[in-house]
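Please arrange chain W on chain A, whose structure you already have, making use of the hints.
Protein sequences, first through last, are from chains A and W. Sequential numbering of the first sequence, starting at 77, is according to my numbering. Sequential numbering of the second sequence, starting at 1099, is according to my numbering.
Honestly, the hints are just simulated from the structure, not real lab data. These numbers come from a predicted model, not from an experiment. Hints are supplied without guarantee of correctness; some may be wrong.
To give a feel for the contact side, a few chain W residues facing chain A, derived at Cβ under 8 Å [to be verified]:
no.: 1; residue: P1125
no.: 2; residue: N1130
no.: 3; residue: V1131
no.: 4; residue: T1143
no.: 5; residue: C1147
no.: 6; residue: S1218
no.: 7; residue: Y1222
no.: 8; residue: G1226
no.: 9; residue: A1319
no.: 10; residue: R1334
no.: 11; residue: R1339
All C-beta atoms in this analysis are idealised placements derived from N, C-alpha and C, irrespective of residue type, glycine included.
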Amino acid sequence: MTPTALDFFDCNARIGRPTVFREGQITTTDELLAEMDYAGIRRALVYHTLAAEWSPNDGNDMLRQELSGQNRLYPCFVALPPATGEMPDPDGFARMVREAHGAVRLFPQDHTFSLLDWCAGPLLEALAAHSVPVLVHIGQTSWGELSAVLSAHPDLPLILLGTYYRVDRCLYPLWERHDNLFVESTTYQTFRGIESVCARFGASRLVFGTNVPELETGGAMTPILYADIPQEDRAAIASGNLMRLLGIEH
Amino acid sequence: MDFQNDWRMGVVYENEIIIDAHGHMGPWLDFNVPEQGSPDAMVRTMDQCGISTTVISPHLCIGPDYRLGNRHAYEAAARFPGRLVPFVTVNPTYGAAEIQQEIEYWAANGGIQAFKLHPSLHQYKASGKDYFPVYEYAQAHGLPILSHSWAGDPLGGASTLGGLAAQFPAAGFIIGHAASSWQVLDEAEKEAHEHPNVYLDLTGSRLIRGLIEDMVKRVGADRVLFGTDNPFIDPRPGLGRVLAARLSDDDKRKILGLNAKRLFRL
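Excised from the complex, chain A in its bound form (with noise of 0.2 Å):
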């Protein structure tokens, strides 16, 4: 790998072949590491497309066996609320996400089921428990959700991912009354925003990610690289704040 000024851990990557694909996306682990080599990116928390796109418990699955071996890539499972049975036990499964120093992606507006506690509440309870953090994408949830699932949660952490610029309005009072809400900053690209939430609310609520292999790694990076921040902030973004998230030490 190249070196870099930072050392990045993406919190956002996927292997996995697409229902829509393009020539030359990026479907398998050697082809991530080769684009992560690229760009200068030591580590990457991945899920797998066909968790997302087909069977979580398949896709799951088929990612254990993908990141076998992998010192470099690290397990992102996506779950579903248990009351119809198709996913384990949200206590078991919690604990082995822990282990695995992964995390748990959640689909509510795809795979059809509210974030809210009369849904959600025993399989958000069983990852708050276990300091799992969930990664949600803003398109798959609302800001009234999130603030319910925040204030009900308070020991959740919660990743928003695909945030853009047009977000602080609603942001910010969610970050004033909660410490569990981190935002993903790739798509959050406010104008000077890393700058602005680092002096209102600290370098600790952001988290690097890329949404490879759709979006553009170098794009993601430069924002961090750049910032007009402390080294140290930069390094906590770029991954020491995912690390901590997940348990991991070095």
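The following block gives chain W in isolation, referenced to the frame of chain A:
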């Protein structure tokens, strides 16, 4: 200088020409722009990542008062000479006569280097007659015109701009946001092949992997311009996309600045 390696080390390119051909300025109605998107904050951010110059159309211009916005642009350019360069932006819903006066005013008070149009926000088709004072002036003086555009855009789409490029061959027509989706790239590519005075702008918030390389393969690096929407969007993601692209350094230099330097006569 090796962009791909230096960029990863956070090198600020003080000796490279990096021109952001698609900038704005100031606050906007439906989201927070930190520090009110002031010219001082913009230049500080440009310094942070090595952008030499940004061509600006204040948000006020693409919103309710283009004339006051143009004044703000020229005032900011006077405060930061060489760093901020004003577009003259027009709103055709105020009519061709007022636009003609606006063009004459700025031609006599600071000079005009480029025009900016936003058919979508102004809800007026780019081929409409009230835009024609802009096209005629640009044609007479060989100036570039940047127009907001989107995939399938019925008001400022690539095909409409291509038609104008044929009608006004001495003007340069920049298709804004030409890298925002594969569909808009398909549309813009067609016009670039048919009209030598059509250019493609990279500005966009969704930085699709592999698109910039494909764009250069299709139309050539000479027709692609670096742009960011700064401070509508932070300029650093868009800059990183070019610096890290799988392109030669020569192509990156053209895209980042040399093409705009020639087109805008900077």
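Outcome of the hint check:
Hint status for P1125 of chain W: violated, given a least beta-carbon distance of 10 Å to chain A, over 8 Å. The beta carbon of N1130 of chain W comes within 4 Å of a beta carbon in chain A, closer than 8 Å, and the hint placing it at the interface holds. For V1131 of chain W, the interface hint holds, the least distance from its beta-carbon to any beta-carbon of chain A being 5 Å, beneath 8 Å. The interface hint given for T1143 of chain W holds, since its Cβ lies 6 Å from the closest Cβ of chain A, which is under the 8 Å cut-off.
Against a cut-off of 8 Å between C-beta atoms, the interface hint on C1147 of chain W holds, since the closest Cβ of chain A lies about 4 Å away. For the restraint placing S1218 of chain W at the interface with chain A, the shortest Cβ-Cβ distance is roughly 16 Å, beyond the 8 Å limit, so the hint is violated. At a threshold of 8 Å, the smallest CB-CB gap from Y1222 of chain W to chain A is about 24 Å, leaving the interface hint violated. Interface restraint check: G1226 of chain W against chain A, minimum CB-CB distance 29 Å, threshold 8 Å, status violated.
Because the closest C-beta pair between A1319 of chain W and chain A is about 17 Å apart, greater than 8 Å, the hint is violated. At about 4 Å, the closest approach between the beta carbon of R1334 of chain W and any beta carbon in chain A falls short of 8 Å, and the interface hint on this residue holds. Because the beta carbon of R1339 of chain W sits about 4 Å from the nearest beta carbon in chain A, less than 8 Å, this interface hint is met.
Of the numbered hints given earlier, the model fails hints 1, 6, 7, 8, 9; all others are met.
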